[in-house]
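> Work out the full structure, taking the sequences as your base and the hints as a guide.
If you read the protein sequences in the order shown, they are chains F and P. Using our numbering, you'd call the opening residue of the first sequence number 2 and step up by one each time. Using our numbering, you'd call the opening residue of the second sequence number 2 and step up by one each time.
Calculated from the structure, these hints are not laboratory results. Please note that the accuracy of each hint is not assured.
Copies of the same chain look alike in the list, so a pair counts if it fits in one copy or across any two.
[To be verified] Below, in silico cross-link-like pairs of lysine-lysine (DSBU-like), each with a Cα-Cα straight-line distance of 30 Å or less: (1) 132 x 247; (2) 247 x 18; (3) 205 x 132.
2 protein chains.
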Amino acid sequence: MRDVERIFRATATLYNKGQPHFSSSNLLVDNCLRLLGDSANYRHFGSFLGRPAVEYNVFEKQGEVSRPVRPDLFIENRQKLVSEQSRMIERLREGPTDWDDATVRQATRVIYTNVMSFACCIDLWKRSSRKTPGTFFEIYFAGLVPYLFTNAVLSKHISLPGISEDEEDKMEEAEGTEDGGSSVATDLVIARPDCENRIVIPLKITTRERIVQPFAHQRILDSAFGKGRYSSFLTCVSETQLDNKKKSVKQVCVPGTVKLFQRHLGQINGLYYCDVPQRYAAADMTSYLPVKEIGEIFRDFWQYFKN
Amino acid sequence: MRDVERIFRATATLYNKGQPHFSSSNLLVDNCLRLLGDSANYRHFGSFLGRPAVEYNVFEKQGEVSRPVRPDLFIENRQKLVSEQSRMIERLREGPTDWDDATVRQATRVIYTNVMSFACCIDLWKRSSRKTPGTFFEIYFAGLVPYLFTNAVLSKHISLPGISEDEEDKMEEAEGTEDGGSSVATDLVIARPDCENRIVIPLKITTRERIVQPFAHQRILDSAFGKGRYSSFLTCVSETQLDNKKKSVKQVCVPGTVKLFQRHLGQINGLYYCDVPQRYAAADMTSYLPVKEIGEIFRDFWQYFKN
Numbered sequence: 002m003r004d005v006e007r008i009f010r011a012t013a014t015l016y017n018k019g020q021p022h023f024s025s026s027n028l029l030v031d032n033c034l035r036l037l038g039d040s041a042n043y044r045h046f047g048s049f050l051g052r053p054a055v056e057y058n059v060f061e062k063q064g065e066v067s068r069p070v071r072p073d074l075f076i077e078n079r080q081k082l083v084s085e086q087s088r089m090i091e092r093l094r095e096g097p098t099d100w101d102d103a104t105v106r107q108a109t110r111v112i113y114t115n116v117m118s119f120a121c122c123i124d125l126w127k128r129s130s131r132k133t134p135g136t137f138f139e140i141y142f143a144g145l146v147p148y149l150f151t152n153a154v155l156s157k158h159i160s161l162p163g164i165s166e167d168e169e170d171k172m173e174e175a176e177g178t179e180d181g182g183s184s185v186a187t188d189l190v191i192a193r194p195d196c197e198n199r200i201v202i203p204l205k206i207t208t209r210e211r212i213v214q215p216f217a218h219q220r221i222l223d224s225a226f227g228k229g230r231y232s233s234f235l236t237c238v239s240e241t242q243l244d245n246k247k248k249s250v251k252q253v254c255v256p257g258t259v260k261l262f263q264r265h266l267g268q269i270n271g272l273y274y275c276d277v278p279q280r281y282a283a284a285d286m287t288s289y290l291p292v293k294e295i296g297e298i299f300r301d302f303w304q305y306f307k308n
Numbered sequence: 002m003r004d005v006e007r008i009f010r011a012t013a014t015l016y017n018k019g020q021p022h023f024s025s026s027n028l029l030v031d032n033c034l035r036l037l038g039d040s041a042n043y044r045h046f047g048s049f050l051g052r053p054a055v056e057y058n059v060f061e062k063q064g065e066v067s068r069p070v071r072p073d074l075f076i077e078n079r080q081k082l083v084s085e086q087s088r089m090i091e092r093l094r095e096g097p098t099d100w101d102d103a104t105v106r107q108a109t110r111v112i113y114t115n116v117m118s119f120a121c122c123i124d125l126w127k128r129s130s131r132k133t134p135g136t137f138f139e140i141y142f143a144g145l146v147p148y149l150f151t152n153a154v155l156s157k158h159i160s161l162p163g164i165s166e167d168e169e170d171k172m173e174e175a176e177g178t179e180d181g182g183s184s185v186a187t188d189l190v191i192a193r194p195d196c197e198n199r200i201v202i203p204l205k206i207t208t209r210e211r212i213v214q215p216f217a218h219q220r221i222l223d224s225a226f227g228k229g230r231y232s233s234f235l236t237c238v239s240e241t242q243l244d245n246k247k248k249s250v251k252q253v254c255v256p257g258t259v260k261l262f263q264r265h266l267g268q269i270n271g272l273y274y275c276d277v278p279q280r281y282a283a284a285d286m287t288s289y290l291p292v293k294e295i296g297e298i299f300r301d302f303w304q305y306f307k308n
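As structure tokens, then:
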């Protein structure tokens, strides 16, 4: 695990400096898969009792149990992940315009495996680092974008016009507090030199009580820049939760809240998941906003910048 | 402490059933003050280094230290609290139209003492019950409203028109999750039979990262009902935090974020505090939205329903 932690820190450092970090993140995931393969037991845990039922595995080590993992999406074999990811990258480079279902699913599996292999290592060996899986999701995903758009400019903060910060900056420095007052802090923003409009990507392992944020940000951006300048693609891994008593898996969804936010707070462009919660894929939800698997997001980004 | 816990549960039960609970909550606070007086040490802790500096005390018991308490606002003496609260209630009944600064301050002290005495007991004897001080703030404050408006109708949920929940309710029941989908869940709503407009009161011990919520709710209510039907009065105790290393107190403020939300997310009617953070009382903030001490809120409620 010490190797995994070391490579994670190195990858994060590269990312924060704006330097190429994709091969470092691949090395990290390779180490995670090796560690899980060597030192953890990968076994069936239980089902999500949906229609249809979905089976979940867990990694286990000396009684510690990881988050639930979908075996049909997780690529255990390190060589297989390398080759599947290479093919995905190749297809991102070509432009994802004609991706069929199998290609979309392959991309979903690759992304899911990258994010979950690191997250499960954290679950088993460093449960106190609760936030690092989310950070790595952001880092890994940002690493894919340059293959899709070679001229993309990536950032995290969107400065807003017209709110003076002079006075408050001084105060906060003095008090040692942080305030993102005159900017909106998102996880990833994609800009292209040839286009005024921009993509905002909130990246969350799961949304839980933080789901208000992307909708509130969208509303703020609409209000500050006018509708259409910024478009949010909320991108998540899953909404699963282990139920240890029942030996089953729950998908924790708030469909009514999402509809409410989409209708009355801010309109986001879509909801993307590696492991799409069944409740969100239902017709009453998709009539409010697109809900798709993550492999489809590249085609939608591509389309967005074409329009 | 067992008495305190028992009376708290009894008070909460009365409140949740919509039954009169104010005398039960007074009994609770009386027990809290006695417990603190008998079993804890009340001493100076350190200063908030503002302009002017503000002094803070703490309650202490066998090395456990409570949250910071402002000795100029906290009424230690049980008899004094009873008589000051009686006077406040009397003045609420008369209508708070002509309250002078001293009357406002008295109300602030009474509310602060009620909420903080219970919160400090939790800090010293049951730190795991992190959420109960917030719940009691809500319960106590709701108990004051009937003295101000005898015909007030209190609630917590605002049903929104037009979002069907049939299907999702079934799903959620099956999965055991909660979703406030077609309603906005606030802390307290005041309606009066003679008035179409309503007051929404988010009650928070401190706001921290949850400050987006009241502004997002205001926007949703504006969107669903039109502007003006619901007005939010964000009501808090303080934004203080102990700095154990420096033996000082911080006031954690995000003025830029508040301005941003007020400007681009939703317009709330004001920000009310028992212990007003100096940063929020500054002119650059109050030019965006009123920031006042909590004793002024009754006059503002009164005014609101008069208009």
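> Which of the listed hints are broken here?
Hint 2 alone not satisfied by this model.
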